[in-house]
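Construct the complete structure from the given sequences, taking the supplied hints into account.
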Amino acid sequence: MVKVLVICESGYWRDLREALARVDCEFLGFDKKKPHRQEIDQLVTKADFVMIRNLNVAHHSVRFAKEAAKASETPFWVGRNFGAEKMIELLKTTFPNEDFSISTSKNEKIKEKKQVKSKNKKVQKLVSAAPREIIQPKSSKKNLALKSQLKGVFIEEDEIDFEKMFKR
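No gaps in the numbering here: position 48 of the sequence shown is 157 in my numbering, and each next residue is one more.
There is no bait here: all hints are sound.
Distance windows between CB atoms, simulated:
#: 1; residue 1: 118; residue 2: 202; range: 16 to 26 Å
#: 2; residue 1: 260; residue 2: 193; range: 44 to 54 Å
#: 3; residue 1: 206; residue 2: 169; range: 32 to 42 Å
#: 4; residue 1: 124; residue 2: 262; range: 48 to 58 Å
#: 5; residue 1: 254; residue 2: 165; range: 38 to 48 Å
Here are the simulated DSSO-like pairs of lysine-lysine, each with C-alpha atoms no more than 30 Å apart in a straight line:
#: 6; residue 1: 155; residue 2: 195
#: 7; residue 1: 155; residue 2: 112
#: 8; residue 1: 195; residue 2: 112
#: 9; residue 1: 179; residue 2: 142
#: 10; residue 1: 195; residue 2: 179
#: 11; residue 1: 141; residue 2: 201
#: 12; residue 1: 143; residue 2: 195
#: 13; residue 1: 273; residue 2: 256
#: 14; residue 1: 141; residue 2: 112
#: 15; residue 1: 141; residue 2: 155
#: 16; residue 1: 175; residue 2: 112
#: 17; residue 1: 201; residue 2: 112
#: 18; residue 1: 112; residue 2: 143
#: 19; residue 1: 276; residue 2: 260
#: 20; residue 1: 179; residue 2: 201
#: 21; residue 1: 179; residue 2: 143
None of these hints come from the bench; they were simulated from the model. Quantities reported herein were computed from a predicted structural model and do not represent experimental measurements. Note that beta-carbon positions come from the ideal geometry of N, C-alpha and C, so glycine has one too.
Structure representation (structure tokens):
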């Protein structure tokens, strides 16, 4: 299991943590306004790979992480903006011996089966409810707002006298 240290805004951690969990990687995150070199050094020594997002992160965090990664010879990558796909792509190139394919958990398989069963039940209900009738999708009513606005408009005359309307 590869440990990845991600130095970025904590608002992105949930998505990144979930994506790394799908490929069986451990997530370490760091986001402090006033970082201490010792904290970052400890995290870099724990990590196998360091990813630094150089956007809205304390400049000292970036500098300390680069220095610690170079000193411990830990591979690192600095980018302005990246997502989970980019992280997995970089991990594949850095660790070619590791398998970073997305693993499906039991819960996801169960959800897929339930969705297939529910779709089958809906189709069966439609077929059994109207065996002789032609099944047609329900048409939605259109322009209801326009119809409701036009209900109050009444034209009294068949022919409109434009001369009366545009007299000065």
